[in-house]
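Assemble chain D onto chain P, guided by the hints.
Protein chains in written order, with full-length UniProt numbering: chain P, 1 to 455; chain D, 1 to 455.
No wet-lab data here; the hints were simulated from the structure.
All C-beta atoms in this analysis are idealised placements derived from N, C-alpha and C, irrespective of residue type, glycine included.
Please note that the accuracy of each hint is not assured.
What the hints assert, rightly or not - Partial selection, computed: residues in chain P whose CB lies under 7 Å from chain D:
#: 1; residue: Thr48
#: 2; residue: Ala52
#: 3; residue: Ser80
#: 4; residue: Ile192
#: 5; residue: Thr195
#: 6; residue: Met203
Protein chains: 2
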Amino acid sequence: MATLRIAEWSVALSYSDLPSSVVDAAVRSFYNWLGCALGGSNHPTTTTAVKALSPFFGKETSSLLGGQSTGSGAGKADASHSALINGIASHVHDYDDTHLETIIHPTGPVASALLAQAEALTAQGMTVLGDDFLLALVVGIEAECKLGLAVWPKHYDVGWHITSTTGAIGAAVAASKLLSLSAEQTAHAIGIASTQVTGLREMFGSDTKSFHVGRSAQNGLLAAILASQRFTSSTSALEAKRGWVNVVGQGINRLDEFVGSLGKVWEIEKNAFKPFPCGIVVHPVIDGCIQLHKEMEEKELDMQGIKSVKCRVHPLVLELTGKKTPQDGLQAKFSVYHGGAVGLVLGKAGPAQYADEVVRSNEIVSIRDRIDATAGEKLGADETEIVVEFQDGKELKKHVKHAIGSLEVPMTDEQLQEKFLDQVSLVLGDGAKKASDIAWSLKGVGDVATLVKTL
Amino acid sequence: MATLRIAEWSVALSYSDLPSSVVDAAVRSFYNWLGCALGGSNHPTTTTAVKALSPFFGKETSSLLGGQSTGSGAGKADASHSALINGIASHVHDYDDTHLETIIHPTGPVASALLAQAEALTAQGMTVLGDDFLLALVVGIEAECKLGLAVWPKHYDVGWHITSTTGAIGAAVAASKLLSLSAEQTAHAIGIASTQVTGLREMFGSDTKSFHVGRSAQNGLLAAILASQRFTSSTSALEAKRGWVNVVGQGINRLDEFVGSLGKVWEIEKNAFKPFPCGIVVHPVIDGCIQLHKEMEEKELDMQGIKSVKCRVHPLVLELTGKKTPQDGLQAKFSVYHGGAVGLVLGKAGPAQYADEVVRSNEIVSIRDRIDATAGEKLGADETEIVVEFQDGKELKKHVKHAIGSLEVPMTDEQLQEKFLDQVSLVLGDGAKKASDIAWSLKGVGDVATLVKTL
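Next up, chain P with everything else stripped away, as it sits in the complex (with noise of 0.2 Å):
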């Protein structure tokens, strides 16, 4: 009954009954969500993708966020297309948001089929609200994470991008929630997107892992959109013999357990954002460098009158993030020194400090070199402890316990504003303040494609 159940509760919900916490979390996974795929937009496996497929693209209802800048001409694509370039852009940087417990990244499968289907029903002359947006996200990414955890972890150990295959389940919910499908036809919707199970995890590092996110919201898109033609799958797709949790949950099937705690325990509540764009284990030193650089222009101490900085840091780090003279910005995601050092020199860790000539520059390469971390048994995975010393003796020190981004330090609106603005002008450039503005205001807009149209 699990498929059924999922389907009833999206169809029920309504969205007075969302605490407000809920529309909070949403709003921010959206307007986070939004800031990585303007930022992902010019990112080349976007734009090959869509040069390869621009040819098949149909009416031009929907958006390519930043589409300027793909050039793709229009910036707009058919619906379908514009869910899978959307959804390719949001994920292409790693940058998107990440619910811990089952570390999806929630919201580019569901966001991506919602935002092209809300402005393709515009283009038929519909008006979608924000507040119903905001409803059907949250639907979208409740079921998604549901399922992510009726099959964790052996589904993710095994192979399965968890992201992409339970996303397109998740997108296909959130697209039958904003086209009032019935139980039902939700229920032939979970079942057309779940027989469709996409993402290996051998694609990592190449353009097709990005790929996963995007066919994951077009799956669930297209899903939606046939059973609202009443095109059938199983109405048991998910809890079947042979559907989708028994043939890629290899053994595990807690969907009873998850799927009733619905309603009563929020997943999109312990959604949490990326303030780098690194790998997560970098962070507590980003985080705890950015204060140190804070105290020392408080304090104006020279930068050069530093002899050494001592990290001691989860023996992950230096397992994952121990390359000691990165030459270019992806080589430097997996440096822990260089997040560091612009932590230390420039007080930020955003996507241009990420950049090659950053890099290579003088400045970073001469803080960085002075930079040692050693592993401490005894230290969380979110947590550092950092002496720096001065060539006068001085000391400055810092203990993270949890960095920031983490459930206990969730970034604040401020730092989520700082992350999209540090993306978005890298695209947008001046317009990145108004894309930010428009952003924030989804909760309560008349019309959710209007308010896209004026990015």
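Same frame as chain P, now just chain D:
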């Protein structure tokens, strides 16, 4: 190395390398596919998909076969949707071909992608020769069936629809061949296709079952198109630790063995064709009854003189198709009694003999009621012994050792043509014979798209 080995084998193979028996099998496979796709073009599953998805159709380069009856207007779509829709149509009557060792229906995914792509190339001013088309069809089907063998039987047992899970990869190899991609690009195309594992058996009995076949064609085509623009995946997609075989093979991995037999054992030669549009277990009885019909005509024996028809059959026949009094065409597919009756009375068991009015006609029901079937433990699954008793004491006997359509008694070209005409005349009327002539002429034809255009 399996991924690259398949790619390299495909790139190196030329038409002159194909044994004539392989070319013949490819022509017959294409011919049978085209008949099925035309025959399924006006099925509600197909027309619902067209209705739902036509808003997304891009530039109309490629045919929706039988398009005049789908209500789509032009009968065309972009190549991607053409692959999807024709793939659905070709499988929707469960009347397509079967690679018996894996029960893959191999031609649907591959030919649907290829024809769509061939027409798209023509729209760009290129020409696709019939021989090149057949060569691409062969490499696609070989890759698809070798992969099926590599994970048989557990992959199917656990719940994957093996036709579509392997079909997307076969379609990717075939489309890559038609696009003259390099071995490396072909490997990336295999990767992009393999990461989209489409088809849960739970969907059997719904519209989504044939959607699997169409979607696999579309996914394979898309993979080749992305790879042609150097979109990357993994060149170890099939064999890697978290690649296709390990994730979906359920512990079975005979990849090296079967990839090693490429070009040595030709799977397409083992492709079988269904003579009758119903479960394969009924085929021996139908075959025997059609032979008895001819014998009675020759001996001028009156049908109404029949007292009883006693069939000894494999036990599975009664288990799967034991319906005594079917009320419509769908139920009749699960009735060995109906199959025997139309064989005896009409000498045929094509789609027209499964029309509701035939199933309920007095002519058929009166004979059907005289047919008895009992299980014979020692009979093969494709074997039957039939005894017809007449009221005057006469008897006719027929022993079918291997039913028509088995590898031992393959359908002749004439029988394939009769099947084609029976299906296609229900859609194209008098145009069926012309379509048949066109379909037979693929080998050596100068331009595949023009050939199809005349359909």
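Checking hints one by one. Is P/Met203 an interface residue toward chain D, by the C-beta closer than 7 Å rule? Holds, about 5 Å.
Could you check if P/Ile192 really has its C-beta closer than 7 Å to a C-beta on chain D? Holds. Min distance 6 Å.
Can P/Ala52 be said to touch chain D, with a Cβ gap under 7 Å? holds (4 Å)
Status of the hint placing P/Thr48 at chain D (closest C-beta pair under 7 Å): holds (5 Å)
Restraint satisfaction for P/Ser80 [CB to CB of chain D, less than 7 Å]: holds (5 Å)
Chain D contact restraint for P/Thr195 - C-beta distance below 7 Å: Constraint on P/Thr195 satisfied, holds at 5 Å.
The structure fails none of the hints (numbered hints given earlier).
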